[in-house]
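A.B. asks: Please take these sequences and the hints and turn them into a complete structure.
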Amino acid sequence: MTLTVNGKAMQVPAGTTLHQLMVGIVAMGHGTAAAVDGIVAPRSRWENLELHAGQHVEILTATQGG
Amino acid sequence: MADDTFMIAGEELGSRLILGTGGAPSLAVMETAINASGTAMCTVSMRRVDTTTPGSVLDMLARCGVRVLPNTAGCRTAHEAVLTAQLAREALGTDWVKLEVVADDHTLLPDPVELLDAAERLIADGFTVLPYTNDDPVLARRLQQVGCAAVMPLGAPIGTGLGIRNTHNIELIVAEAEVPVVLDAGIGTASDAALAMELGCDAVLLASAVTRAQDPALMAAAMAAGVAAGRFASRAGRIPRRHHARASSPTHGTAVF
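Sequences listed follow chains P and U, in order. If you're matching positions, the first sequence starts at 0 in numbering that gives the first Met the number 0 and goes up one per residue. If you're matching positions, the second sequence starts at 0 in numbering that gives the first Met the number 0 and goes up one per residue.
Where hints are given, some of them may not hold.
Under 10 Å between C-beta atoms, here's a sample of chain U residues computed to sit facing chain P [claimed, not checked]: (1) Thr42; (2) Val43; (3) Glu99; (4) Leu161; (5) Asn165; (6) Ala184; (7) Arg240; (8) Thr250; (9) Thr253.
If you anchor each label on the Cβ, the simulated ranges turn out as follows [stated by the list, open to error]: (10) P:Ala13 x U:Leu161: 28 to 36 Å; (11) P:Pro41 x U:His167: 43 to 51 Å; (12) P:Lys7 x U:Ala235: 53 to 61 Å.
Hints were generated in silico from the structure; no laboratory data involved. Yeah, the Cβ is synthetic: ideal placement off N, Cα and C, and Gly gets one too.
C.D. replies: Next comes the structure, spelled out in structure tokens:
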């Protein structure tokens, strides 16, 4: 299935959870957060949050800024 | 000097200089500037993960031992700002946020309607809100009324280095404030930071003036000195301005030739 992750199309297996997606993109270290279709997904829910085709995922972290 | 603790929302900060980390040419340069400034809190922005970027600003700030204050820079609406703050809380484990909701790219001035709306929503959601605001005493009052933990009026638009354009309004904000006033944005050089403190601000938040200086670490030290000097002067109580001269040497006992 296709997701939009940080504005880019990404192919992932059906049934992929947010946790699996995050592991594939960033080290599971501190400092990242995700929103799915504009709603914040708490880290405690990543493991069980199954993603669906067409969803938009934004993955943010801290960067230098004023 | 007597104890002069600086607190926001009941928490003590070890410095009245807050540094933004934007604009520095590298993390290494930023680190030297932070250490030279003696700051206790630095702002960061929330952006999409970029796995090609080397180093981590969070690791660097942890090495410096400073508190991390996420901002909502880049947000144009209350909705965007609330979502960004919630993501920052999730990512960084802090409910403090520098709330920034700007109206356009060329002024980067706060949008007062969206700002107040976002502040109310975030406070209802348990955040400690430090809003970047216009130098408008009425808006500052409204932000306090909805429960902001500080107000952070601009001296001039972000990144301009124009200093404090409306000292009268900053004085009015300070006179009425029941929460700390942090002069945020527009500082160009150390005398601007000193002036902010002389006007009665509790702290100064700046980024570009240090990060884009030719020698960021040296300017960071200058800002720390400026903030300290301004604070001392504010507490010391300046002499009133006079139209005519007033001799400091005694007139009594003057020789007659």
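A.B. asks: The hint names Glu99 of chain U as touching chain P; please verify it with the least Cβ-Cβ distance against 10 Å.
C.D. replies: Hint on Glu99 of chain U: holds, closest Cβ of chain P at ~8 Å, below 10 Å.
A.B. asks: Do the numbers back the hint for Thr250 of chain U, that is, is its least Cβ distance to chain P under 10 Å?
C.D. replies: violated (54 Å)
A.B. asks: Is the interface hint for Arg240 of chain U satisfied, with its Cβ closer than 10 Å to some Cβ of chain P?
C.D. replies: violated (35 Å)
A.B. asks: Let me know if the C-beta of Leu161 of chain U comes in closer than 10 Å to any C-beta of chain P, holds or violated.
C.D. replies: violated (16 Å)
A.B. asks: Would the stated hint for Ala184 of chain U survive a check requiring a Cβ distance to chain P of less than 10 Å?
C.D. replies: At 8 Å from the nearest chain P Cβ, Ala184 of chain U passes the 10 Å test, so the hint holds.
A.B. asks: Cβ-Cβ distance between Pro41 of chain P and His167 of chain U: within 43 to 51 Å?
C.D. replies: Cβ of Pro41 of chain P to Cβ of His167 of chain U: about 46 Å, so the range 43 to 51 Å holds.
A.B. asks: Is the interface hint satisfied for Val43 of chain U? The criterion is a beta-carbon contact with chain P at less than 10 Å.
C.D. replies: holds (4 Å)
A.B. asks: If you take the shortest Cβ to Cβ gap from Asn165 of chain U to chain P, is it below 10 Å?
C.D. replies: violated (21 Å)
A.B. asks: Okay, Ala13 of chain P versus Leu161 of chain U on CB: inside 28 to 36 Å?
C.D. replies: The hinted range 28 to 36 Å is violated for Ala13 of chain P and Leu161 of chain U, with Cβ atoms some 56 Å apart.
A.B. asks: Are Lys7 of chain P and Ala235 of chain U spaced within 53 to 61 Å by their CB atoms?
C.D. replies: holds (58 Å)
A.B. asks: Was the hint right that Thr253 of chain U lines chain P, CB cutoff 10 Å?
C.D. replies: Check failed: Cβ of Thr253 of chain U comes no nearer than 57 Å to chain P, outside 10 Å.
A.B. asks: Would you check whether Thr42 of chain U satisfies its interface hint, that is, whether its CB is within less than 10 Å of any CB in chain P?
C.D. replies: This hint holds: Thr42 of chain U lies near chain P, its Cβ roughly 6 Å from the closest one there, short of 10 Å.
When the structure is compared with the earlier hints, violations turn up for hints 4, 5, 7, 8, 9 and 10 and for no others.
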